[in-house]
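Undergrad: Sequence:
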Amino acid sequence: MIEIQNRAGVERARVTGRVVGNMLQALRTRCRVGTNLLEIDEWARLMILEAGARSCYVDYAPGFGRGPFGHVICTAVNDAVLHGRPRDLRLADGDLLTLDLAVIVDGIAADAAISFIVGAVRDPEDMRMIETTERALAAAIEIAAPGARLGDLSHAIGEVLAGAGYPINLEFGGHGIGSTMHQGPHVANDGRPGRGYRLRPGLLLALEPWVMADTDRLVTDPDDGWTLRSATGCRTAHTEHTIAITETGAEILTLPGR
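Its first residue numbered 69, the sequence shown is counted upward by one per residue in the working numbering.
Some hints here could point you the wrong way.
[Unchecked claim] Cβ pair distances, simulated, as ranges:
#1 P290 <-> M69: 46 to 52 angstroms
#2 L323 <-> Y265: 23 to 29 angstroms
#3 R96 <-> D191: 18 to 24 angstroms
Hints in this document: simulated from the structure, not taken from any laboratory.
Fair warning: this is a prediction, and the values are worked out from it, not measured in the lab.
Each residue gets a CB set at the ideal place from its N, CA and C atoms; glycine is no exception.
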């Protein structure tokens, strides 16, 4: 299913996007060496309640996960990159943490993710990897406009990721978003320009470049049945924004401070 929002729907998406962007920024400032991942989940839960929002993750139970996710935020550390299920783990100095948050406000969802270093940067490669995902996301947003094809966005992302030397996994990528968190169309992190669905005003997309330092293969954590990790144990990074296609281009909905 692909939803196209009217003006009222896009305005509601702006509200949800502000909630997500500001929550991620607030959570980032609270994450320090010694913070427990379960603390982050509880902080997010309280923020969601205060905002009058609803988590997209608590009851999330797709075919690839082991039962409902059961938490309100994804917390992926170091070799974990997607669907990081919060657990009793305290962050260490130099950990690479990804927070991925999706909520619904007034019937419309927004989804975003940020990666950052907790404490001191121990390896410049961590920052290069994070910055590469941010550049890939910016490249796709720059060309997102009515008439563009999904393949144009995928190609723009892939050019940046591959150009920086990172292998690209095509199992998971960006997606349409609206009344539900995950819907069509799928937006792969690499592709051929000029192919795929043609973008239209009112389309909401969650674009999410992510990489693993030296592999394109994922493994599922055997303990929680959810967290996706790099097959080699290498570090990972993930950046995501929800955007709205407008009459003239794209509007980023999940920027903080709006």
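Undergrad: Now look at each hint and say whether the structure bears it out.
TA: Hints and how they fare:
| no. | hint | result |
| --- | --- | --- |
| 1 | P290 <-> M69: 46 to 52 angstroms | 33 angstroms, violated |
| 2 | L323 <-> Y265: 23 to 29 angstroms | 25 angstroms, holds |
| 3 | R96 <-> D191: 18 to 24 angstroms | 20 angstroms, holds |
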